[in-house]
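Student: So the protein sequences, as listed, match chains A and B.
At position 235 of the first sequence the residue is numbered 235 (the numbering used here), and the sequence of numbers has no breaks.
At position 9 of the second sequence the residue is numbered 9 (the numbering used here), and the sequence of numbers has no breaks.
Source of the hints: derived by calculation from the structure; they are not laboratory data.
Some hints here could point you the wrong way.
[Unchecked claim] Listed next, the stretches of chain A that the computed footprint assigns to chain B, with coverage defined by at least 3 CB atoms under 8 Å from CB atoms of chain B:
(1) 103-113
(2) 122-130
(3) 341-348
(4) 623-636
[To be verified] Residues from chain A that keep clear of chain B, each with C-beta distances beyond 12 Å, as calculated:
(5) G38
(6) M99
(7) Q314
(8) A357
(9) S390
(10) T525
(11) M542
(12) L661
Please read all numbers here as calculations on a predicted model, not as lab measurements.
Cβ coordinates follow ideal geometry from the N, Cα and C atoms, glycine included.
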Amino acid sequence: MTDEKIGVYICHCGTNISDTVDVENVATWAGEDLEEKGVVVSRDYKFMCSSLGQELIEADIKEQGLTRVVVAACSPHLHEATFRTACDRAGLNPYLCEMVSVREQVSWVHTDKEIATAKSKALILGGVERVALHEPLEPLKVPINPTTMIVGAGISGIQSALEIADSGFPVVLVERDSSIGGHMAQFDKTFPTLDCSACILTPKMVQAGNHPNITLLSWSEVERVDGYVGNFTVTIRKKARYVNEDVCTGCGICIEKCPAKVIDTEFEAGLGYRKAIYRNFPQAVPKYPVIDVDNCIYFQREKCKACQIFCPTQPNSIEFDQEDEVIQVEVGNIVLATGFDLFDARRIPQYGYGRLANVFTSLEFERMCNASGPTTGKVFMRDGVTTPKSVGILHCVGSRDKHYNNYCSVICCMQSLKFAHVVKERTGAEVYNFYIDMRTAFKDYDEFYQRVLEEGVHFIRGRVAEVTDAARLPGEEGKLIIQAEDTFIGKQRRIPVDMVILSAAIEPRHDSNEVAHQFGISCSTNGFFTEKHPKLDPVATMTEGIYIAGCAQGPKDIPASITQGAAASARVLGKIQAGELALEPVRASVNQDICSGCRICNNQCPFNAILFHEDRMVSEINPALCQGCGTCVAACPSNAISGTQFSNEQLEAQLTGLLALNIDGSSVRVLEPVAAD
Amino acid sequence: MANNTEFEPLIIGFTCNWCSYRAADLAGMSRIKYPPNVRLIRLMCSGRLDPSFVLKALKGGADAVLITGCHPGECHYLEQNYKTLKRYILLKRMLEQFGVEPNRVKLVWASAAEGVQLADEITKMVEEVRDLGPLNWPAVVSPNGDHPIAETEPVVEEVQA
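With these hints in hand, go ahead and build the complete structure from the sequences.
Tutor: Here you go:
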């Protein structure tokens, strides 16, 4: 028996719940059968979360003096805040409201109405039993450090950094590579306007590099993240550059003089060369070069030092004895814009990449088109001199394919159209695009498709079966033959071409799972970071204070990456402006009168929140460090530790409620004690 | 068991707020169907699961208990699910001594993205428990539910110090 006056509210959710659960029946049952449990009001309503639904609750609290509220509706992750706020408005402590998920856990997953109704009753009974033992609580307030860390300085990260820095707040921009810019710096043209990628990106890079509010840490990686929203401590490893950033002027003489020539498999996608001391491209930000230890003659054979000898600065900028530096920064919020990896086209052997010389990946082709790239923008075959007379472009390489990635990589259609245009423009070659579906959504994209169609590019709808150099028919000798079904005419076609470009998929970074773990967020099954809500909260994550932007969240083009970067910043700025954040008051505390000082709890806490008083032989929990997991509560053999919102009594009461009804709801579960005969 | 065709087990599921509870949400959002025999309790972490909750659930009429948490290495609270695992192993051993079939308590890792997997595990578990039949807790525990009945009274001998 309880003295509490409990109100029970059951939502129809339109028909989402009421289709499978007899909500009127549940409401009547709660009102009549649960009277002795303290239920004084029981109502059902079409949309409990609507303002009218909330007002219903508020009115009951005020008029009937409810002391507890149970809302049976959707998942608490969706509307707990809504109903708590409603209670608060009516003067009831928000933590005296409990939600029961009868949509996600009942109506959407079960089909038998009778049994679903019974299960709803059991869940509500659990909620009623539990809520009676709830205590009024106050949210914990934590201050927000105004500094933000942004991980990954591609276009999305740069945009995010600039938004925050321009608002007057400090930003730490961490980039793994030696220069910021990300993949966009590798591209030549951007669809659909065909403006030059470098022309629109480099001003932003310079702005980020020079911004007084941005601390740029390139050639650096995050090693460790501690703390929580508002108060993260991040350990960052600044990898040894072997160039003193304080004195280097970025003149580039060292690069010129370095005798070690290396194939650049990263920035130039294997098409061009760089030196052992290098920067990715002339407009790199920061301008300082970096020494590639694996290929540097001095590091490998202890002689050369050409870079040091020719370095004109005083003191010399080249420091062979430089070591990695580990620094710590304190930040309040973190934006992860770590970008993507390109699908390794070698994984589809029948397309011949890596085996047939004139099969190129999209990134190789981007570098080839780029005026500052290895061919200064001329479209050549692998020999570096021959201009192709016919080119095949394959869409969806590694995308929309159950063997590799099920998802659509979003950019490939437009990118392939751009390639088709560039090939036509620069070589006049015949171009064949092989596609599954043409996906040209978004502004001005389909117009670009029309333009490329008018330019005389051939489009064949069908997934390519193979690319081969085995000629079978006259005219195929010395060519690459693309075998594909043309699904419009229902026939197999063999098209001989000089060059093949594979529009490879966007994949999550190879280490996205480790990074996600490091920052306490999760990855979806395909490896991209999981957002808090796919539609309503695409840049936040389940972990407060950690935001995601750009291709790290899923494949997207440049405008979408920039939009997300800016959106993440808006969320961060909101947090900074608020100055402090209210946290769920889910914390553990020790009743020191009961604590026996056994210290079993002491090593249960990974946050070092439990300290032990040697003098009094009792443990104490620091509420600022406690994260509220409750592991120590479960471990305490004397029941001296209790957890707010999840106390033993509350959970056991809920358990009692859940077990009070059978599966069919017909009867209270009766346990027959075994006779002693 | 004779009543197997009629028997609908009642299973209590303890879920972690960050992974498996959200997996259950996801299963709902994706309209994946699973048997209605499971009733879930949300904890902040599987590490909050006091093993006595499992015993109390079984004593209170549950035929089985499902414990779910984040995958090893993915705990929202860094490493608390390892503590769950340790307790789970001990608990299973204890239940066996009580005469409770170990399959009545199951630990499943389910990330927030694994709605399908969680639903599959629930379906599988319901089948398994249905085959086991009802847990007749009082049969192995004294009528007041407090102590397991030993088959013979243990002989208490005084030991010389």
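Student: All the hints need checking, so say for each whether the structure fits it.
Tutor: Hint check:
1. For the segment 103-113 of chain A, the assignment as covered by chain B holds, since 9 residues bring a beta-carbon within under 8 Å of that chain's beta-carbons and 3 suffice.
2. Chain B is given as covering the segment 122-130 of chain A, and this holds because 3 residues of the stretch bring a CB closer than 8 Å to a CB of that chain, at least three being needed.
3. Coverage of a stretch by a chain is defined here by at least three residues with a beta carbon nearer than 8 Å to that chain's beta carbons; for the segment 341-348 of chain A and chain B the count is 0, and the condition is violated.
4. Look at the segment 623-636 of chain A against chain B: 8 of its residues bring a Cβ nearer than 8 Å to a Cβ of that chain, three or more, so the hint holds.
5. The Cβ of A/G38 sits about 20 Å from the closest Cβ of chain B, beyond the 12 Å cut-off, so the non-interface label holds.
6. Its beta-carbon lying about 10 Å from the closest one in chain B, A/M99 breaks the requirement of being farther than 12 Å from that chain.
7. Here A/Q314 stays apart from chain B, with its beta-carbon at least about 49 Å from theirs, past the 12 Å limit.
8. The claim that A/A357 is not at the interface with chain B holds, since no C-beta of that chain comes within 12 Å of its own (minimum 41 Å).
9. Every CB of chain B lies more than 12 Å from the CB of A/S390, the least distance being 44 Å, so the non-interface label holds.
10. Distance check on A/T525: its Cβ comes as close as 5 Å (rounded) to a Cβ of chain B, failing to clear the 12 Å threshold; non-interface status is violated.
11. Once the 12 Å rule is applied to beta carbons, A/M542 is inconsistent with being away from chain B; the minimum gap is 6 Å.
12. In this structure A/L661 is not separated from chain B by more than 12 Å, as the shortest Cβ-Cβ distance comes to only about 9 Å.
Hint check: violations occur at hints 3, 6, 10, 11 and 12; the rest are consistent with the structure.
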